[in-house]
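S.K.: Protein chains in written order, with my numbering: chain A, 1 to 346; chain B, 1 to 346.
Hint data in this document are derived by calculation from the structure and do not stem from the laboratory.
Heads up, some of the hints might be wrong.
Quick list of in silico lysine to any residue cross-link-like pairs, SDA-like style, CA-CA up to 20 Å [said to hold, decoys possible]:
no. : chain 1 : residue 1 : chain 2 : residue 2
1   : B       : Lys54     : A       : Tyr42
2   : A       : Lys20     : B       : Val107
3   : B       : Lys54     : A       : Arg49
4   : A       : Lys20     : A       : Gly9
5   : A       : Lys2      : A       : Arg52
6   : A       : Lys2      : A       : Asp22
7   : B       : Lys20     : A       : Leu109
8   : A       : Lys54     : A       : Ala158
9   : B       : Lys20     : B       : Val40
10  : B       : Lys54     : B       : Gln112
11  : A       : Lys54     : B       : Lys20
12  : A       : Lys2      : B       : Gln112
13  : B       : Lys20     : A       : Gln103
14  : A       : Lys54     : A       : Asp3
15  : A       : Lys54     : B       : Gln41
16  : B       : Lys2      : B       : Lys20
17  : A       : Lys54     : A       : Ala37
18  : A       : Lys54     : B       : Gly9
19  : B       : Lys54     : A       : Thr53
20  : B       : Lys54     : A       : Pro44
21  : A       : Lys20     : A       : Arg49
22  : A       : Lys54     : B       : Ala48
23  : A       : Lys54     : B       : Gln112
24  : B       : Lys2      : A       : Arg52
25  : A       : Lys2      : B       : Met1
26  : B       : Lys20     : B       : Gly9
27  : A       : Lys2      : A       : Arg49
28  : B       : Lys54     : A       : Ala48
29  : A       : Lys54     : B       : Arg52
30  : A       : Lys2      : A       : Ala37
31  : A       : Lys54     : B       : Arg43
32  : B       : Lys54     : A       : Gly9
33  : B       : Lys54     : A       : Ser45
34  : A       : Lys54     : B       : Leu51
Number of protein chains: 2
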Amino acid sequence: MKDVAAQLGVSTATVSRALKDDPAISLATRQAVAEVAQRVQYRPSAAARRLRTKSTSLIGVVMQSVGDGYIGAVVLGIQSRARELGYQPLFFATEGRTDLESQALDVFLSEQVTELITVSPSASVPRQAVAEGLHVAVINSDEAVSARLFSRVASGRAVPDGLDACRDAEPMIKHIAFDDLGAGRLATTHLTGLGHRSFVHLRGPNVRSSLLRLLGYRQALAEAGLWPQPVLTATEPVMQSREAAVAEFLNRAQPPIAMVAYDDMSAVAALHAAHRAGWRVPDDLSVVGIDDIQFAAYTNPGLTTVAQPKHRLGALAVDAVLEKNAAEVTVLDGELVVRESTAGPS
Amino acid sequence: MKDVAAQLGVSTATVSRALKDDPAISLATRQAVAEVAQRVQYRPSAAARRLRTKSTSLIGVVMQSVGDGYIGAVVLGIQSRARELGYQPLFFATEGRTDLESQALDVFLSEQVTELITVSPSASVPRQAVAEGLHVAVINSDEAVSARLFSRVASGRAVPDGLDACRDAEPMIKHIAFDDLGAGRLATTHLTGLGHRSFVHLRGPNVRSSLLRLLGYRQALAEAGLWPQPVLTATEPVMQSREAAVAEFLNRAQPPIAMVAYDDMSAVAALHAAHRAGWRVPDDLSVVGIDDIQFAAYTNPGLTTVAQPKHRLGALAVDAVLEKNAAEVTVLDGELVVRESTAGPS
DNA sequence: TTGTACGCGTTATCAG
DNA sequence: CTGATAACGCGTACAA
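Go ahead and model the full structure; you've got the sequences and the hints to work with.
M.R.: Rendered as C-alpha cells:
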C-alpha cells in the first residue's frame with residue numbers, strides 16, 4: 001500500500017479509501033489508484049485488516065468428517081454460499097474425537113471467528129460457542145434420545161408432545177434441519193401407494209432424526225390403517241450389524257415386503273442381505289432409503305430414496321449465521337426420488 | 001495480553017516470552033503467567049501474530065470438489081497431518097470453474113499463505129502459485145494427454161519413453177502421486193493369476209493417470225503372453241456413456257471375460273451394464289476397479305479393487321510442502337483388495 | 001531476569 | 001477532497 005501511495009504521491013489513507021470506492025475520493029484519483037494497484041499486484045493483508053477492524057469475514061465450520069458423501073455435499077453448499085457473500089469458511093473435521101472439538105473452538109477464537117456452523121454436532125460444541133459469544137447455526141442437530149423412547153414409538157404407545165424437527169430452539173442458536181418426520185412419512189406413503197400391506201422399518205441409531213423417521217413411518221401406516229408393523233434394530237451402527245438384522249428378519253418373513261430404511265447406507269445393507277438371502281428386489285422386497293447419497297443412483301438396483309437438500313442445508317446455514325434470515329428454526333423438505341428398488345406387490 | 005500483564009504487574013513482553021516458555025524467564029513467573037492466562041481465557045490473536053511474524057501456519061488447499069468420496073478422504077489426510085504439525089488448512093473448492101481457481105489464489109495471497117497443496121488440479125494453478133513464490137505440492141497431477149497417445153498404447157505400438165508416475169518434476173513443485181501404472185498391472189495380474197484368458201479394459205478420460213493404468217494393463221498382459229486384448233472407450237466421462245460402452249461390448253462377447261476398469265465408478269458402471277445384459281458377476285464377468293472408494297465395499301457384489309492410500313497421499317503432501325521431505329516426487333503403491341466381483345473362469 | 005519501544009499493514013478519526 | 005496520526009495485538013532488539 002505504501003508503494004502504491006508513493007508511486008502516486010498520495011497518502012496511504014487515500015489509497016485505502018480509494019480502494020473501497022469511498023465517494024469522498026475524487027473519481028480521478030480512485031481510478032489512478034485502482035490502476036496502479038493492479039499494476040503492482042497489490043494484495044491487501046488480511047491479517048492487518050483483521051487486526052484493525054476486528055471483523056474477519058471468517059466462518060468456522062465444525063463437522064465429524066468430510067470423507068463421507070453426505071457431509072461433503074453440505075460442506076460444498078456452505079463453501080459456495082460463503083464465497084458469494086465474501087466470507088471464507090474455516091473447516092475443522094473432528095473425526096469424532098471430542099478433544100478435537102474444543103481444539104477447533106480454540107482455533108476459531110484465535111482467528112477471531114464470530115460465526116460458527118456445525119454439522120450434525122455433538123451437543124457440547126454449540127453451547128460452548130454461544131457461551132463464547134459466537135453466532136452459531138446448527139445443521140441437523142442430532143442429539144441422543146433414549147432407547148426407551150424408541151420402543152415406545154415402535155410399539156405404538158402414546159408419544160410425548162413436542163417431538164419436532166429439532167429440539168426446542170435454544171437461545172442464540174439457529175437451527176437448519178431436514179424434515180425427518182416428513183421423510184419417514186414420504187417414504188412410507190410411497191410404499192402404501194404402491195399397494196403394499198406388509199412393512200418393516202430398519203431403524204437408525206438412538207438420535208432424534210432416527211426417532212422422527214420412525215415416527216413418520218408409524219404415522220403414515222396408522223393413517224393407512226396398517227399399523228402396527230415390525231421395526232428392526234441393529235445392535236450396532238455398522239453395516240454388518242444392519243445386514244444381520246435384516247437377514248434374520250427375512251428368514252422368518254413372507255414376500256412381498258416393503259421396507260423403509262433409516263438412511264441410504266442402511267438401505268444398501270438391506271439390499272445386500274436380500275441378495276444373500278435370495279430375495280429379489282424389488283419383486284420380493286421393496287426398499288426405500290433416505291438421504292440420496294451420491295451412491296444411491298448406482299446401487300443394484302438403483303435405490304428409491306427421499307433426497308435431502310444437502311447443498312441448500314449448507315447455504316441456509318450460512319445465511320442464518322450471518323443473520324440474513326431471522327428464523328430460529330428452518331426445516332427443509334425431502335423429495336422422493338424413485339428408482340428401481342421399489343415396485344408394487346405382485 | 002495486557003490484562004494478564006496488568007494482573008501480575010509485569011510487562012506484556014514478559015508475558016509474551018513466558019507464554020513461549022522462553023528459558024530466559026524465571027520458572028516462577030512462567031508458571032504464574034500460565035496460570036493467569038488460563039484463568040482469563042487468554043487467546044492469542046492470530047491476526048496480530050501473523051502481522052508481526054509474517055508466518056501464518058496456514059496451508060492453502062485447492063481441489064475440485066469435496067462432495068465426492070475420493071477427494072474427501074484425501075482432504076481428511078491433509079487436515080489431520082496439518083493439525084499435528086500446528087498448521088491450519090484453508091480449503092477452497094473450485095467446483096471445476098477456472099475463474100474460482102485464480103480467486104482461490106487471491107484469497108491465499110491475501111492471507112499470506114506460503115504453502116499450497118492442490119488435489120488433481122488443472123495445470124495452471126500450481127504454475128501461477130510458484131510464480132507467486134509459494135511452496136507447492138501437487139497430489140495426483142492429472143494433466144491432459146492426447147487421444148492419439150491412447151490409441152498408440154492400446155494398439156500395442158511402441159510407447160514413448162518417460163511415461164512415469166507423473167510428469168517430469170517441475171522446478172519448485174513437489175509431486176505426490178499414486179502408482180497408476182503399478183495399479184493397472186496389479187489389477188491385471190490378479191486376473192491372469194485367476195486363470196483368465198479373455199480380457200477387456202474400460203479406459204478413463206484423456207489424462208495421464210488413465211493412460212498409465214492402461215499401460216499397466218498392457219504390460220501385465222504382454223508378460224503373460226496374452227496381449228493384445230480389447231480396450232473400451234466411453235465417449236464421455238459420465239456413467240451412462242461408460243455403461244453403454246460396456247453394454248455394447250458384452251453384446252458381441254463370449255463369457256467368461258475379465259475386466260480391468262479405469263476406476264471404481266467405471267467398475268460400477270460395468271456392474272450395471274452386466275446386470276442389465278444378464279451377465280453374472282463374477283461367474284461370467286470378473287471386474288476389478290481402482291481407487292477403493294468407500295462405496296466399493298457395498299456394491300453388489302462387493303468390488304475387487306486396487307486401493308489408493310488416500311489418507312497418506314494427503315498427509316505426505318503436507319510433509320512435502322513443509323519441506324519435511326526432500327523428495328521431488330513421491331509415488332505411493334496401491335494395494336489389492338479382493339472382494340466378490342472376481343473369480344476364476346469356470 | 002525483565003522492561004521499553006518500535007513496527008508489522010490497515011483503517012478510522014480528526015484536522016485541513 | 002486529502003493528509004497526518006494513532007491504534008489494533010503481538011514479537012523482538014536493545015537496554016537495564
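S.K.: All the hints need checking, so say for each whether the structure fits it.
M.R.: Hint-by-hint comparison with the structure:
1. Lys54/B to Tyr42/A: Judged against 20 Å, a Cα distance of about 17 Å means the pair holds.
2. Lys20/A to Val107/B: holds, 17 Å
3. Lys54/B to Arg49/A: Distance ~14 Å between Lys54/B and Arg49/A Cα, so the pair holds.
4. Lys20/A to Gly9/A: holds, 19 Å
5. Lys2/A to Arg52/A: holds, 17 Å
6. Lys2/A to Asp22/A: Roughly 19 Å between the alpha carbons, so the hint for Lys2/A and Asp22/A holds.
7. Lys20/B to Leu109/A: holds, 19 Å
8. Lys54/A to Ala158/A: violated, 52 Å
9. Lys20/B to Val40/B: Distance ~17 Å between Lys20/B and Val40/B Cα, so the pair holds.
10. Lys54/B to Gln112/B: Cα-Cα ~7 Å, so holds.
11. Lys54/A to Lys20/B: Outside the cut-off at roughly 24 Å; violated.
12. Lys2/A to Gln112/B: Judged against 20 Å, a Cα distance of about 17 Å means the pair holds.
13. Lys20/B to Gln103/A: Holds, at about 18 Å.
14. Lys54/A to Asp3/A: At roughly 25 Å apart (the allowed maximum being 20 Å), Asp3/A and Lys54/A break the hint.
15. Lys54/A to Gln41/B: Holds, at about 18 Å.
16. Lys2/B to Lys20/B: Distance of about 16 Å is within 20 Å: holds.
17. Lys54/A to Ala37/A: With a Cα-Cα distance of about 24 Å, the restraint between Lys54/A and Ala37/A is violated, given a limit of 20 Å.
18. Lys54/A to Gly9/B: violated, 27 Å
19. Lys54/B to Thr53/A: holds, 19 Å
20. Lys54/B to Pro44/A: holds, 14 Å
21. Lys20/A to Arg49/A: Measuring from Cα to Cα gives roughly 13 Å; hence the hint holds.
22. Lys54/A to Ala48/B: Distance ~11 Å between Lys54/A and Ala48/B Cα, so the pair holds.
23. Lys54/A to Gln112/B: Status holds; Cα separation ~18 Å.
24. Lys2/B to Arg52/A: holds, 17 Å
25. Lys2/A to Met1/B: Distance ~29 Å between Lys2/A and Met1/B Cα, so the pair is violated.
26. Lys20/B to Gly9/B: holds, 19 Å
27. Lys2/A to Arg49/A: holds, 15 Å
28. Lys54/B to Ala48/A: At roughly 11 Å apart (the allowed maximum being 20 Å), Ala48/A and Lys54/B satisfy the hint.
29. Lys54/A to Arg52/B: Given that 20 Å is the threshold and the Cα spacing comes to 16 Å, the pair holds.
30. Lys2/A to Ala37/A: Holds: Lys2/A and Ala37/A sit about 11 Å apart, inside 20 Å.
31. Lys54/A to Arg43/B: At roughly 14 Å apart (the allowed maximum being 20 Å), Arg43/B and Lys54/A satisfy the hint.
32. Lys54/B to Gly9/A: Violated, because 27 Å separates the two Cα atoms, which is more than 20 Å.
33. Lys54/B to Ser45/A: Holds. Lys54/B to Ser45/A sits at ~10 Å (cutoff 20 Å).
34. Lys54/A to Leu51/B: holds, 14 Å
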